[in-house]
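**Q** Residue numbers (our numbering), protein chains in the order written: chain B, 1 to 329; chain D, 1001 to 1132.
The set of hints was computed from the structure by calculation and includes no laboratory data. Treat the hints loosely; a few may be bogus.
[Stated by the list, open to error] Facing chain D, a subset of chain B residues (Cβ under 10 Å, in silico):
{"id": "1", "residue": "L46"}
{"id": "2", "residue": "F49"}
{"id": "3", "residue": "V52"}
{"id": "4", "residue": "Y215"}
[Stated by the list, open to error] Dumping the calculated DSSO-like pairs for lysine-lysine here, alpha-carbon to alpha-carbon at most 30 Å:
{"id": "5", "chain 1": "B", "residue 1": "K191", "chain 2": "D", "residue 2": "K1038"}
{"id": "6", "chain 1": "D", "residue 1": "K1038", "chain 2": "D", "residue 2": "K1085"}
{"id": "7", "chain 1": "B", "residue 1": "K187", "chain 2": "D", "residue 2": "K1085"}
Even for Gly, the Cβ is constructed at its ideal location relative to N, Cα and C.
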Amino acid sequence: MIRLGTSLFSLTNEWLSRHYTLEQLVAAVAERGLGPGLEIVGFQSLRSFPAVEEGAASAFRALLERHELEPSCLGSNLDVALRVDRLLTEDEQVDYLAAQIEVARRLGFPVMRVQHRGSTEVLERALPLAERADVRLGVEIHAPLAADHPSVALVVEVIERLGSPHLGLIPDWSATMSRLPAAMLDKWRRKGLPAEAAERLEAEWRRDGPPHERYDAFAAFARELGAAEPSIAQARLAFTMCGHADPASWRDVVSHVVHVHAKFYDVDESLADDAVPHEELLRILADGGYDGYVSSEWEGSAFFDLHERDGFEQVRRHHALCRRLLGAA
Amino acid sequence: MTLEATVLADDALRATPDGFELDVHLNWYRTLPLSSVKTVELTVDGEPIERDAIVFSLAGGDHALDELPARWQDWWFVLDTATLKVRRSPPLEHGQEVDLRLALGMRIPYILVGPETTLEQLTVIERRLTAR
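Based on the sequences and whatever the hints tell you, model everything.
**A** This is how it looks when you write it as structure tokens:
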């Protein structure tokens, strides 16, 4: 069965406004009926993460219980470029994940999101730790990667070879967008990106090829037009946040899915979204017999200010949209 | 965009006897290591501040900007405020209004945009602020 939920990442603007404590933010999610799943990014919501004292861990579990929310997924990060002088070694990456797996266990999260940075060795070495902690590792497939990318095929190969229920995938719908959100491009144009450069950005985004090369082609074009540097730098997000793979590419991997990041950028009052093909994405999950959370992850905070969009309202609309589509599926 | 909107609050600027202090919030959605602080550039009324006149202060620890790249074991919690302590002659006076330009660039340690190249989230803010 598909269950809905909220990632507190959706409430990044509210969180950064410093108007909410974690307790208040979680309470507001529950009051608005945006559960039952609750997901957090450890490095966003918890001070001193991944060092979490026992008192803080038990308070967190009690908080969710009090509000009848279910811990769905802990977002870990694999900060391979933590150091300036070199990337983390494989040993260091395993240790980095180990600390976060331990936090997931203590906070009661059944799944931990793992970012894929190429090496499947790290996954294989982290897996026994996750099994011991009874935390399922979900390798996130996020733009610019997609399910049909060769480096994801390596992960799938490992998942199938090891056959462990504690290792699977987390599709992030950023990978399979139909277009760049119009509201994002509008916002960037208003912030000084020339209209012609915005058109070139869309064209480069639609092309295939390494994202940094497509970004560089856009940036060179924008510079020739005399676009301001910050507006050019900003636009890199289009290539790191959004991908244009075919949604059907998820079909082959649905059986490995342990959690879903239902990424979206702008759902309007009529519950329409111009950038994410929700209907097809949900149908693929339902057809594949997916049993788990679809966690609403609104990322409009990357370009909207708090006074322009309300994260709670975006998630409410997203839940309404998903319910409608699931009812029809 | 919003990550930019929260970097400088209205009351971010303070006059001090030997210059000024500026309170800065992170321009990213999550906690980052101090080694992520790549770009800190300040201009007051069009006049650039020398890099070595800026001390980055967080949770009671003071660091020269050039010391930050090595501090990968220290975290800047996403809701915490860092203070740039700036030596400037003449110092700002209480109530003085200035045109301030801040460029804050953070290396995002989990987003590689090329082989061994990390994304730099560069935020440039130009604001007229009154020193408290």
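**Q** Next step is simple, just say for each hint if it's right about the structure.
**A** Tested hints:
1. Restraint check, L46 (chain B) versus chain D: the minimum CB separation of about 9 Å is within 10 Å; hint holds.
2. Hint on F49 (chain B) holds. Least Cβ distance to chain D is approximately 7 Å, under the 10 Å limit.
3. A distance limit of 10 Å between C-beta atoms decides the matter here; for V52 (chain B) the minimum to chain D is near 13 Å, and the interface restraint is violated.
4. With 10 Å as the threshold, the beta carbon of Y215 (chain B) comes within range of chain D, its nearest partner Cβ sitting at about 7 Å, so the hint holds.
5. Straight-line distance between C-alpha atoms of K191 (chain B) and K1038 (chain D) comes to about 24 Å, which keeps the hinted pair within the 30 Å bound.
6. Pair hint K1038 (chain D) plus K1085 (chain D) holds up; C-alpha atoms about 17 Å apart against a cutoff of 30 Å.
7. Of the supplied pair hints, the one linking K187 (chain B) and K1085 (chain D) is violated, its CA atoms being roughly 33 Å apart against a limit of 30 Å.
Comparing the model with each numbered hint stated earlier shows that hints 3 and 7 do not hold.
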